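Colleague: As a plain string of letters, each chain reads:
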Amino acid sequence: MTSTTTDARRSFRFPLELQIEPRMDSPRWLAPLVSLVAVLLALVMGAVVLALVGGNPFRAYAHIAGAAFGSLGVFSDTLVKATPLIFTGTACAVAFKMKLWNIGAEGQFFMGALGASIVILAGVVSEDASRFVTLLAMAVAGALFGAAWGFIPGILKARLGVNEIITTLMLNYIAFALVNYFIFGIWSEGGFQMTRTFQRAAWFPRLSDLAEQFPIMRGLTTHAGFIFAVVVAIIAWYILFRSLWGYEIRLIGDNPRAAKYAGIKITRNTVLVLMLSGGIAGLGGMSEISGVIHRLQSSISPGYGFTGIIIAWLAKLNPLLVIPVSILFGGLILAGREIQPAGVPRLIQGIILFMLIASEVFLRYRVRLVRRTA
Amino acid sequence: MDNLIEMRGITKRFPGVIANEDVDFKLRHGEIHALLGENGAGKSTLMSVLAGLYRPEAGTVLVRGNPATFNSPRDAIDLGIGMIHQHFTLIQSQTVTENILLGLDEPRFLMRLSRYDKQMAHIGDQFGLQVTPDAKIWQLSVGEQQRVEILKMLYRGVEVLIMDEPTSVLAPQEIDELFKTLRSMVAEGKSIVFISHKLHEVMTIADRITVLRQGKVTAAGIDPATTSKAELANLMVGRKVLFELEKIDREPGDVVLELAGVSADNDKRLPALRSIDLKVRSGEIVGVAGVAGNGQSELGEVITGLRTCTSGSIRVNGKDVTNRSARTSIDFGVAHIPEDRTHVGTAPNLSITDNVIMKKYRTPPIARRTLLDRDAAQKMAEGLKAEYTILAPSVETPTRMLSGGNLQRVILARELSSEPTLLIAMQPTRGLDVGAIEGVQRMLLEQRDEGAAILLVSEELEEIFTLSDRIVVVYEGEIVADGVEADAAKVGLLMTGGSHEAAEEHAA
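First to last, the protein sequences are chains A and B.
Position 274 of the first sequence, counted from 1, bears residue number 274 in our numbering, the numbering being contiguous throughout.
Position 491 of the second sequence, counted from 1, bears residue number 491 in our numbering, the numbering being contiguous throughout.
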C-alpha cells in the first residue's frame, strides 16, 4: 500500500521502454514495407518450426520456392492457381469494403460455372460459333448467374434486414446441390458425375497454344483467364477508388449513418454491391471451367471462395493488392501438393496470415524503443 | 487546511506536444476543485497522471504528504484516488451491481448478488445517488449511468474523485442532480476534482479553481467569489473573448422554410413532434429552445429528410419536400450541421478530403460523369482547410484523428461552403471550447447576413439569446411559444412545461 514497497518492486528497471503512439499520418511506402517485413519474419518463424521438428528449413523453402516459382513451367502453374483466387479475392474485397460480409463467393463461383455451362450444354450458342462469341456468352452468363446469387442475399438484407452472413453461407450449399443436380442427372456423361468436355471454342486460349511460334511456351498451362482476372481486379479497383459509386461504397462502409445523411441510398447499394461481388465470383467460375477443367464437375474448386476471404483481408480490401497476394497463395497451394498434402505449406500460410494481421499495429501506431527517463 | 494531494512540477509529453509543463496542483480535503481550461489544455492529462493512467516525465505526486508512484489505476485506487472518464466504462447487458463488482475479488465464487444489491442501495442513499441495483445498464439514462460510475468509485473506498467533463453528456436537470450529489459527497468528507471548460458551471459548483492554458497553470486555486467569468475566460484563452457578438439589424426576407402541422414519431415509434407550425425567413436565425429530448432532434431530421413525418407538410422555398429523401433536401440547398459529429456528421476512417466532398461529390467539378475527380476534390479540401483553419497534418488525415473543434470545422466547411439557402444547425457548439464557440457563432451570423435562413437548435440558452432573431420554445414535441423575448426565467419556465400566462406573470 505504501509507496516504499512500490519503489522496492521497481528497484530494477530495464533501461529501455517501448513507446507506442498513434500515427496521425502514414507515408505511402509504409504499408508495403511493413507487409514485406511481416512476410519475411513469418518465413523465419516457419524456419524455426521446421528446424525444431528436425527438418532443414533451407531445403524446404528452396523446394517450396522451386515448386511454385522455380521455372517457367511451375510459375505458369502458379498463375493458373492464382487466377480463380484473384476473382474470388476481388469479389470479397468489393463487398467487404461496404462491410457486407459476403462469404458466399464459393457458391457464386459455382453458379458462374453453371451459367457458363448452360450456354454450352443447353445450346445457347451453337457448337460451331466462333471462340469469341462462345466465350463472351459464357462470361455474360457466368457473371449473371453469380450476380443472381448475390442479388438474393442483397434484396433480403435491403428489404427485410436478413443477415447476409447467414444467407450467403447457406446459398453456397444450394449452389453445390444445384450443380450436382445437373451433373448427376441431366448432363451426366456416361454415368460419371461430370458433363461432356466442352468444344474447343469454349476454351480460354493457353500459352501452350502459341508453342508453334514460340517453342518456349510448350506445356505452359496459363490461360487467358489470368489476364481476364487481372483486368477485372483493376476495374474493381477503379470503381472503388476512382468512381462516384466507389465513393458511396466506401462512405457506407465506414459510416452508414453519415452516408444516409449525405443522401446515399443504402438499400440500393446493398443489392448492387452484392450483385457486383457475386458477378465477379461468378466470372471466376466461368474462367475456371473455360481455362482449366473444360467441363462442369463437382470438384471445380478446393474452396477458392473461402480462400478469397483471407486474400481480400491480406490485400487490405484493395483489389490491386489482391493480384500479388493471390499469386503468393497460388504458389503455396501448388507447392503444398509437392511437399506434403496438408502440413508445412498450411503452417506457413497460417504464420503469414497471422504476421500480416499483427503488423497492422505498425500502420496505426508509431512504436519506438526509447531510453527511460526519470 | 492540509493539502490532501499535492502535484509538483508535473511534465508530461506526447509526440509533438507538451501536454503538461511544470504543473503544480493542490487539492485540499473536502473541497470541490475545478480544473478549467480549453479542449487540449492538458486538464485530462494532468488528472490521468494522478489517477495512475500516465506516468509523467518529471514531477512528483504527494498523497497526504507522502510521495507516491502509480504504475496503474489500481495503485491510485489503493491510495483512494479514482477517476470517472467522459466515456463510461460500463457493460450494457449487466446490472448495476454486477458492474460495480466487476474486477473486484468478491464475490469469490457464488454470485449471491442480492446481498450486494442492498449494500449498493445503502451507499446510494448515503450520498443521494438514486439507483436501482438490479437494473441493467442499457435501461438507464445517461445521468443514471453516471451515478453508477460514481458508485463504482465510492464502493472502492475512493476519497478523491476526479470527474472528467461530467456535465457534457447530461441534460440540464441532470446537471442539477449531479451538483447536489457532488455537494453531499463533499459533506461526507470526500474531495472532488471537477474538470470542465464551462465557465458558468465552474462558477456554480467550485470551491476553488485552477486554470490551465496550453499545458501550463495560469491561475492556481483561486476563489470563484473573487473572480468573474470574463477574467476566467481570459485566463483560459489568453485573450479577451468577445461575448457580445456584433449583430447587425436586418429585415428578414421571404419565407424559406415552412412547416405546417408536422407530426413525427421517434425511434421508439412514440410521437415526438405534434403538429408543428414554423416559418423561417431568409436572413433570420430562429432559435429553438428546449430541454434535450423534447423533439429537437426529430425536428432537424424531418426537415433534412432523414425521418418521415406522419402528417403535415414541409416546404423549402415554396417547394414541397415532405417525406422526400435526404438527397432532395441537399439538392434544395438545405445544409445540416448534425448533433452527432462522429456518428452522423463524418466518416471517421476516411480522409478530410473524402469528408468535405460528402454533399458535393455528385456535381462537377468533383464529379466527372461517373468518376471522381481526385485532384479537384483535393484542391477543394486544401482550400477549405485553409479557409476554416482546420488543424491537421494534411487533407489526407483521417477525421478520427481530429479534435472536437477541428472536426466541427470540417463539418462547417462542408456545410457552409455550399452557400445554403437554409441551414439547420443542431447543437453547433456543444462540447467546443470558448475560442471555437466564438468562431462557430460568428460563422452562423455571417451566413445570416448573407441571407441564409437558419434554424438553430441549442441547449445553451445564452447562445440562443445571443444569436437568434426569433425564439421558439419546444416542450414535449410541441411549439409552446413562438417569438418570446430573450428572458432566461421566462424561457426556462416555458421549457419545463409552464404555461404562457405563468411565464408572463413570472416575468412581470
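Quick caveat, the hints were computed from the structure, so don't treat them as lab data.
A couple of the hints might just be wrong.
Partial chain A-side listing against chain B, Cβ under 10 Å, derived [to be verified]: (1) Pro22; (2) Gly185; (3) Trp187; (4) Ser188; (5) Trp237; (6) Arg257; (7) Gly343.
Below 16 Å or equal to it, Euclidean Cα-Cα: the simulated EDC-like pairs (lysine to aspartate or glutamate) are [as the list claims (entries may be wrong)]: (8) A:Lys260 x B:Asp331; (9) A:Lys260 x B:Glu396; (10) A:Lys265 x B:Asp340; (11) A:Lys260 x B:Asp373.
Now the stretches of chain B that chain A is said to cover, found in silico as 3 or more residues with beta-carbon under 8 Å [claimed, not checked]: (12) 161 to 171; (13) 260 to 269.
Just so you know, these numbers come straight off a predicted model, no measurement behind them.
Here a beta-carbon is modelled for each residue, glycine too, at the ideal position from N, C-alpha and C.
Colleague: If a hint holds in the structure, say so; if it does not, say that too.
Modeller: Each hint tested on the structure:
1. Pro22: holds (7 Å)
2. Gly185: violated (44 Å)
3. Trp187: violated (40 Å)
4. Ser188: At 46 Å from the nearest chain B Cβ, A:Ser188 fails the 10 Å test, so the hint is violated.
5. Trp237: violated (13 Å)
6. Arg257: holds (5 Å)
7. Gly343: Not OK, violated: A:Gly343 not within 10 Å of chain B, min 39 Å.
8. A:Lys260 x B:Asp331: OK: A:Lys260 and B:Asp331 at ~14 Å, within 16 Å.
9. A:Lys260 x B:Glu396: Violated, because 23 Å separates the two Cα atoms, which is more than 16 Å.
10. A:Lys265 x B:Asp340: violated (20 Å)
11. A:Lys260 x B:Asp373: Roughly 22 Å separates the two Cα atoms, so the pair is violated.
12. 161 to 171: violated (count 0)
13. 260 to 269: violated (count 0)
Violated hints, listed in ascending order, are 2, 3, 4, 5, 7, 9, 10, 11, 12, 13; each of the other numbered hints is respected by the structure.
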